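Using the sequences and the hints given, assemble the complete structure.
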Amino acid sequence: FTDTAAAGTATFTTGTVDVALQIGAANLDCSTGTFDEAQSLGTIFSLMKPGDVLTKAVCVKNVGTLAINYTQAAPTTGGNATLPTKIKVRITKASSSSATCATGLDAAGANAGADTQVSATATLAAIAVTSQSLATSAVDKLCYTFALPNTVTDDKDSGPLNIQGVTSNAAFSIAAVNQ
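Position 98 of the sequence shown, counted from 1, bears residue number 115 in the working numbering, the numbering being contiguous throughout.
These are calculated hints, taken from the structure and not from any lab test. Hints are supplied without guarantee of correctness; some may be wrong.
Here are the simulated EDC-like pairs of lysine to aspartate or glutamate, each with C-alpha atoms no more than 20 Å apart in a straight line [stated by the list, open to error]:
| id | residue 1 | residue 2 |
| --- | --- | --- |
| 1 | LYS66 | ASP171 |
| 2 | LYS73 | ASP53 |
| 3 | LYS73 | GLU54 |
| 4 | LYS66 | ASP46 |
Restraint ranges, calculated between C-beta atoms of paired labels, are given here [what the hints assert, rightly or not]:
| id | residue 1 | residue 2 | range |
| --- | --- | --- | --- |
| 5 | THR153 | SER113 | 16 to 24 Å |
| 6 | GLY59 | THR30 | 35 to 43 Å |
| 7 | SER148 | ALA23 | 43 to 51 Å |
Since this is a predicted model, take the numbers as computed values, not measurements. Ideal Cβ positions, reconstructed from N, Cα and C, are used throughout, including at glycine.
Set out below in structure tokens:
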């Protein structure tokens, strides 16, 4: 005699790692609006001069089904090679997704503001975000403060930097992995 019992079908479903962005001014409310995977910081400064400081908000949302850790490596830069080594950048995390970003640097390029720092203050050529955890459907508001310190000097005709009237660009990206 023999007997067979059916164990049934087993189903396996994988989770997803998916991150989307929303970018805007320091007062951007990240609890509303549209998030997608292709966003641009756009023109940060036009006619930049020593002492200029600007803060932009980059909202990172976990739209996947798994909790994630995300980072941002140093951006790839193009155009003038010297300018990215002179622009200071500090990246902080706002206290909530609807809070206004505190200005992270002063005109001299020194740390300012009370938001939680998620990067060491560095030049544009070297800035990176340390690993940040983000639950499913959660949003972090990162505050990118850019400054050309007022201590930068350049004589247009004989200066060693030759950064007057030049253009540089930086491509930023957020990378996410499951926890």
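Verification of the supplied hints:
no.	hint	in the structure
1	LYS66 <-> ASP171	10 Å, holds
2	LYS73 <-> ASP53	17 Å, holds
3	LYS73 <-> GLU54	17 Å, holds
4	LYS66 <-> ASP46	29 Å, violated
5	THR153 <-> SER113: 16 to 24 Å	18 Å, holds
6	GLY59 <-> THR30: 35 to 43 Å	39 Å, holds
7	SER148 <-> ALA23: 43 to 51 Å	46 Å, holds
Checked against the numbered hints above, the structure breaks only hint 4 and satisfies the rest.
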